[in-house]
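*Asks:* Put chain B on the given structure of chain A with help from the hints.
Chains A and B are the protein sequences, given in the same order. Quick note, the first sequence lines up with residues 1 to 100 if you use the numbering used here. Quick note, the second sequence lines up with residues 101 to 780 if you use the numbering used here.
Calculated from the structure, these hints are not laboratory results. We put the beta carbon where it would ideally sit given N, CA and C, even for glycine. Heads up, some of the hints might be wrong.
As the list claims (entries may be wrong) - Derived, one-sided and incomplete: chain B residues facing chain A with beta-carbon distance under 8 Å:
(1) D657
(2) L679
(3) G681
(4) E688
(5) A744
(6) E745
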Amino acid sequence: MEVKIERENAVVTAYLIGRLDTPASLEIAPQVNGLSADAGGKVILDCSELSYISSSGLRIFLTLRKAAAEKGGKIIVRNISNDIRNVFMMTGFLNLFEIQ
Amino acid sequence: MTKKQLIPSKAMLLVVVAAFTLEATALVQFWFSQKGLREEAELRAESELEATRYEIMDIIDQAEAAVRNSVWIAQWCLNVPDSLGRVCRRIVEDNPVVAGSTVALVPGYRADRPLFSPYVCREEDGSFRALSLATEEYDYPHQEWFVRPLELREGYWSEPYIDEGGGEMLMTTYSMPIVDAKGTQAAVLTADISLEWLKDLVGRMKVYPNAYCTVSSRQGQEMVSPPETGIDGKQKTFVYDSEVGRTGWTLSLIIPENDIFGVLRRVGSIVGILQLLGLLIIILMLQSFLRSERRFRELDKQRERIAGELKIATGIQMSMVPKTFPPFPERHDLDMAATIVPAKEVGGDLYDFFIRDEKLFFCVGDVSGKGIPAALVMAVTRTTFRNLSSREDSPGRIVTAMNDSLSSMNESNMFVTFFCGVLDMANGVLRYCNAGHNPPRILTDAIRALPVVPNLPLGIMQGFEYQEQETPFRYDDALFLYTDGLTEAENAAHEQFGEERMDNALHGRKSAANHLENIKGQVAGFVGDAPQSDDLTILFIHYLPNRFQIKLKNSIDQIELLPAFVEEAVKASKLTPDLSGSLNLALEEAVTNVIMYAYPEGKDGECCIDAEAKEDGLTFTITDSGKAFDPTAKEEVNIDAGVAERPIGGLGIHLVRKIMDITEYERKDGKNILTLTKKY
Numbered sequence: 001m002e003v004k005i006e007r008e009n010a011v012v013t014a015y016l017i018g019r020l021d022t023p024a025s026l027e028i029a030p031q032v033n034g035l036s037a038d039a040g041g042k043v044i045l046d047c048s049e050l051s052y053i054s055s056s057g058l059r060i061f062l063t064l065r066k067a068a069a070e071k072g073g074k075i076i077v078r079n080i081s082n083d084i085r086n087v088f089m090m091t092g093f094l095n096l097f098e099i100q
Numbered sequence: 101m102t103k104k105q106l107i108p109s110k111a112m113l114l115v116v117v118a119a120f121t122l123e124a125t126a127l128v129q130f131w132f133s134q135k136g137l138r139e140e141a142e143l144r145a146e147s148e149l150e151a152t153r154y155e156i157m158d159i160i161d162q163a164e165a166a167v168r169n170s171v172w173i174a175q176w177c178l179n180v181p182d183s184l185g186r187v188c189r190r191i192v193e194d195n196p197v198v199a200g201s202t203v204a205l206v207p208g209y210r211a212d213r214p215l216f217s218p219y220v221c222r223e224e225d226g227s228f229r230a231l232s233l234a235t236e237e238y239d240y241p242h243q244e245w246f247v248r249p250l251e252l253r254e255g256y257w258s259e260p261y262i263d264e265g266g267g268e269m270l271m272t273t274y275s276m277p278i279v280d281a282k283g284t285q286a287a288v289l290t291a292d293i294s295l296e297w298l299k300d301l302v303g304r305m306k307v308y309p310n311a312y313c314t315v316s317s318r319q320g321q322e323m324v325s326p327p328e329t330g331i332d333g334k335q336k337t338f339v340y341d342s343e344v345g346r347t348g349w350t351l352s353l354i355i356p357e358n359d360i361f362g363v364l365r366r367v368g369s370i371v372g373i374l375q376l377l378g379l380l381i382i383i384l385m386l387q388s389f390l391r392s393e394r395r396f397r398e399l400d401k402q403r404e405r406i407a408g409e410l411k412i413a414t415g416i417q418m419s420m421v422p423k424t425f426p427p428f429p430e431r432h433d434l435d436m437a438a439t440i441v442p443a444k445e446v447g448g449d450l451y452d453f454f455i456r457d458e459k460l461f462f463c464v465g466d467v468s469g470k471g472i473p474a475a476l477v478m479a480v481t482r483t484t485f486r487n488l489s490s491r492e493d494s495p496g497r498i499v500t501a502m503n504d505s506l507s508s509m510n511e512s513n514m515f516v517t518f519f520c521g522v523l524d525m526a527n528g529v530l531r532y533c534n535a536g537h538n539p540p541r542i543l544t545d546a547i548r549a550l551p552v553v554p555n556l557p558l559g560i561m562q563g564f565e566y567q568e569q570e571t572p573f574r575y576d577d578a579l580f581l582y583t584d585g586l587t588e589a590e591n592a593a594h595e596q597f598g599e600e601r602m603d604n605a606l607h608g609r610k611s612a613a614n615h616l617e618n619i620k621g622q623v624a625g626f627v628g629d630a631p632q633s634d635d636l637t638i639l640f641i642h643y644l645p646n647r648f649q650i651k652l653k654n655s656i657d658q659i660e661l662l663p664a665f666v667e668e669a670v671k672a673s674k675l676t677p678d679l680s681g682s683l684n685l686a687l688e689e690a691v692t693n694v695i696m697y698a699y700p701e702g703k704d705g706e707c708c709i710d711a712e713a714k715e716d717g718l719t720f721t722i723t724d725s726g727k728a729f730d731p732t733a734k735e736e737v738n739i740d741a742g743v744a745e746r747p748i749g750g751l752g753i754h755l756v757r758k759i760m761d762i763t764e765y766e767r768k769d770g771k772n773i774l775t776l777t778k779k780y
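Same shape as in the complex, but just chain A:
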């Protein structure tokens, strides 16, 4: 699992690459949680190369989302696969995130 973070002006884009299972979530949690600092602005989570997500991955997404809600920022989830869209649907995440 790999996370690439790009900052361009006020927009932060995080590319999530690989499988976001529990061990991977533990691995990348500090890095992604660090984005909470940017949650006041616009954070894009690019999932075009994310093949799998478990609940621990969802927790990272939710934590970021809560931070954005507090700081008035915006979290955009981009390019999710059908499998992940399915998980988002089962967990009601489709309502919590702006999906692009």
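*Replies:* Same frame as chain A, now just chain B:
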């Protein structure tokens, strides 16, 4: 038995026919030769007799002529009897053949001369002697030579006689009656001739070495007797007779049969001996032929017996290897097929397999060499394999021990290439050990050679440590084991079937039996009519489990082992493969709970997952020995809550519930048992 007797009697018939033909030919030849010889002898005898007769007749004629020519003088002299002596003298003088002569007056013809017979004979010195036969004691009027011509009134040859007067010679006399002018018989004129020359004459008749001639007189007196030496009386003779004109003599030529047929008989006996020898040789040859034929037949019988024994040996050998397929009809997780096609009646190839403790033990081997020795080593190898694998699970240790056992008693220096595998059917782990055998093919998504450490074939070096290897063996994977009889099967052009053809033949998913038939058919098609040079053995193992198991430690990175496990279980079930991802998610959520929370921190624990593809669904059972925890008891998360209200946790069990159709928890024997089922 009947057949055995028939042949010699046939041979006897042959001998009899040969003998008969030879004998008949010889007899015919003999008979004609004998006939010819006999005819020739007859001809020769006749001509010889004729010649001799002429010679005799010549002398006889001379004597007769001497007498005849003097008859008229004697007639004329009857009146002057004293001149008759001169007549006699002239006869003797003028005819060298005549030894003596007389004119004897018929008694009473002249009264003055009642008996009158002047006689002249030739002396040994050539002079002549005159004497008178008219003596009392001689009594010529009663002598044959006097009486007979008068009776017959013609010339008469007397019976031969021994002349007592002169020289004891054999003599004969020709006498003619003399009639006077009045027709009265007046006297008898004679000429004596010696017959000594007759002996010489007939003695010269030597037509055959032992032939001889006799002359007998009219009254059967022997004038020339057979020689004293020569023929014994028992011998058969041929006698040819010839009459000698007026003398009444019979000239006989006696030829011993042996003289005529002697050579023929000698030749005949030589031919006979040769024929006997020939027959003997034929009989001997026949005998030796028959003996060798009998030997051949015995060899044939022996060969048949050996073939029969080899057949039995093959039967025994084949009964050693499992040959009922499917071998485990009650198991659905294994589809197996195997075959040995021996090149000779018995071969040195083997395969074997059995199941113990949910493990499939299997092997394939190829004993160097062929025939009975190889089959014996094969039997020993198979027995050793069974013995050792009955208590040992590690193929490396099984092979090492087998090698030690086989090396220790390997006096014939035979070796065995051997592959031994142990498939743990509970968790799909294949452990194997290769002892110099051809690498088997593993059929997964692709077909590839199983990576093998070559090691050494069995039976070469005692104490060799064989290295064991391991590979995951998943649902639908298959293992194809073979001996070099397959890849080295040759067609008539001496091309080998080869690994490429073999690998190509393995493509496609088929039942084990179909795979086997397919590859056997392809080899048979390739080889054609060429003779099979080596044993051909195939063992095909297709792994189709419906139960899977994985044991995880309580470490979070163990989660990474789940996707492959789930994928395999899904494959074995009737679920579509795209469900693997979500099922993996459900499983991960449940297992993460166990790994993270079931055991106290720092304490090792285990989480066991069993998967079973059932009739109606795929069930995962997650078992741990950690503290009691019922995830199903957790409150349902409100997924419709807003961002602020949404709790961070609780999503895991929510996902499990959402994905799975049945989620059940049980605490049993100190264990948490969570059962998740996805229905089809």
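*Asks:* It remains to establish, for every hint, whether it holds in the given structure.
*Replies:* Results of checking the hints against the structure:
At about 5 Å, the closest approach between the beta carbon of B/D657 and any beta carbon in chain A falls short of 8 Å, and the interface hint on this residue holds. The criterion of a C-beta within 8 Å of any C-beta in chain A is not met by B/L679, whose closest approach is roughly 10 Å, and the hint is violated. Hint status for B/G681: holds, given a least beta-carbon distance of 5 Å to chain A, under 8 Å. The beta carbon of B/E688 is positioned within 8 Å of a beta carbon in chain A (closest approach about 5 Å), and the interface hint is therefore held.
Interface hint at B/A744: satisfied, since its Cβ lies 6 Å from the closest Cβ of chain A, which is below the 8 Å cut-off. Given the 8 Å rule on beta carbons, the hint for B/E745 is violated: about 10 Å separates it from the nearest Cβ of chain A.
Checked against the numbered hints listed earlier, the structure breaks hints 2 and 6; every other hint is satisfied.
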